[in-house]
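Go by the hints and put chain B onto chain A.
Residue numbers (the UniProt record's numbering), protein chains in the order written: chain A, 1 to 214; chain B, 1 to 221.
All clues stand as given, with none of them false.
Here are the simulated lysine to any residue pairs, SDA-like style, with alpha carbons at most 20 Å apart:
no.	chain 1	residue 1	chain 2	residue 2
1	A	190	A	180
2	B	57	A	153
3	A	148	B	100
4	A	148	B	107
5	B	57	A	200
Treat the hints as calculated values from the structure; they're not laboratory data.
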Amino acid sequence: MPMYGDLGNKLVQHAKRTQNLAHLPPYQTELVRTVTREVRDLDKDVASLLEPFQGSFDPAADQATACTLLVNHLSMRRNKRCLLAYHRTRTDKLEELAWSGSDVLDLAGQQAGGANGAPAGDSGASSSLSPQEEDYFRQYGDLLAAYKGQWTDIDLTGSLEPPRDLFIDVRVLKDAGEIQTEYGAINLTKNSQFYVRQGDVERLIAQGYLQKLG
Amino acid sequence: MDIDDILREVDPTFHAIPQEKRDLQELTRAWIAERSAPELLPWPANGLFERINSNIKHQIEKVEEMTGDMDPKTNFALIVIQTELERYRYLVRSYLRARIAKIDRHTLHYLSTDALRSRLSEMELAYATRHQALLHNHYLSSFLSSFPPNLQNLNDASAGISMIEAPDLESAVFIRLLKDASVAARGVDEDDDAEMKESDIVILRWSDAKPLVDAGSAELV
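Extracted from the complex, chain A is given alone in its bound form:
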């Protein structure tokens, strides 16, 4: 027989699993809805339990009811914590993705091959994000861009590895077209190898077009 909080526990397990995954698993719409409903039902229970007392409930006089109330009270709060934890874990993940420069399309879990910056737009494919999460992701992206915009010379989302060499060897993993550097244009065709300035290609490495060698 299912008990109060069982479903909340499931959410936490989902959240725990999410922490170790590289991608974001599908949003548990049904589970979230059920847990929320449980909270509402419990609240109704509390209200109807308290109703006959007309605000003059004495826990010492009616210990059985007091105990029920306490259990309901704690279950509701526990469910709330579970929901918060679940959503926060996912938004943390989303923020991480925003910092690493992904966009919503990549998140839909489509194939990695055709990521040539096709114009975004809801492609009907089932997304692993809830609509609210997509909103959040977009708004957080805007917020991040605004904050980043005040540090234009720094490139806040750049690599957090301390720079060692100005120039690095890279191998091209997928065609990335031509890029402009201060030493002229380079044509990045698959499997070719270049010695380039790290700052010029950082984005391309992060996006998986290039691989740093050595």
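Okay, now just chain B, sitting in the frame of chain A:
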């Protein structure tokens, strides 16, 4: 009469180190401290980052100027400048990111009192406020709005447990003493009070180290 500037002029150490270099040292220190301290440290208020920004801009312009001519000799200087620039940028980036990570982790805590808010720069404050609003909105639209009204808060403190998490001020840090000082530290079994010499390095709780660091008798390493 204010004679500070006159005294400063005859102070040999003042002119020996140019402003740019002192800024870099200050940034490096702030960066190390920020990365070691468990809680957010105050944003440097003395215009350090305005100077740093203008230095970086200046160097970028210089690089652009120099790229024009490809003489091998200046080319070498160019590489040196660019390398230095990359490192400088890395310091600033890493510093800002370390702060943002802390702010994101305990947003409500840092927004809760004026004393804590004053540790954030204006930009960070704007970011934190907006971020918290986004999160709250997200919770509301995902599930919180269908909760009974008395359960919709994010800052309950029922049963003596606050919903707002704060950084752990009891975690351990390493500090190096900058001058002789007496270090009082609380331990698990017993407390210790020791006279330490300059450049000694000790590990202790951040809450015990903080007064020393604030007073300038020690720095985080």
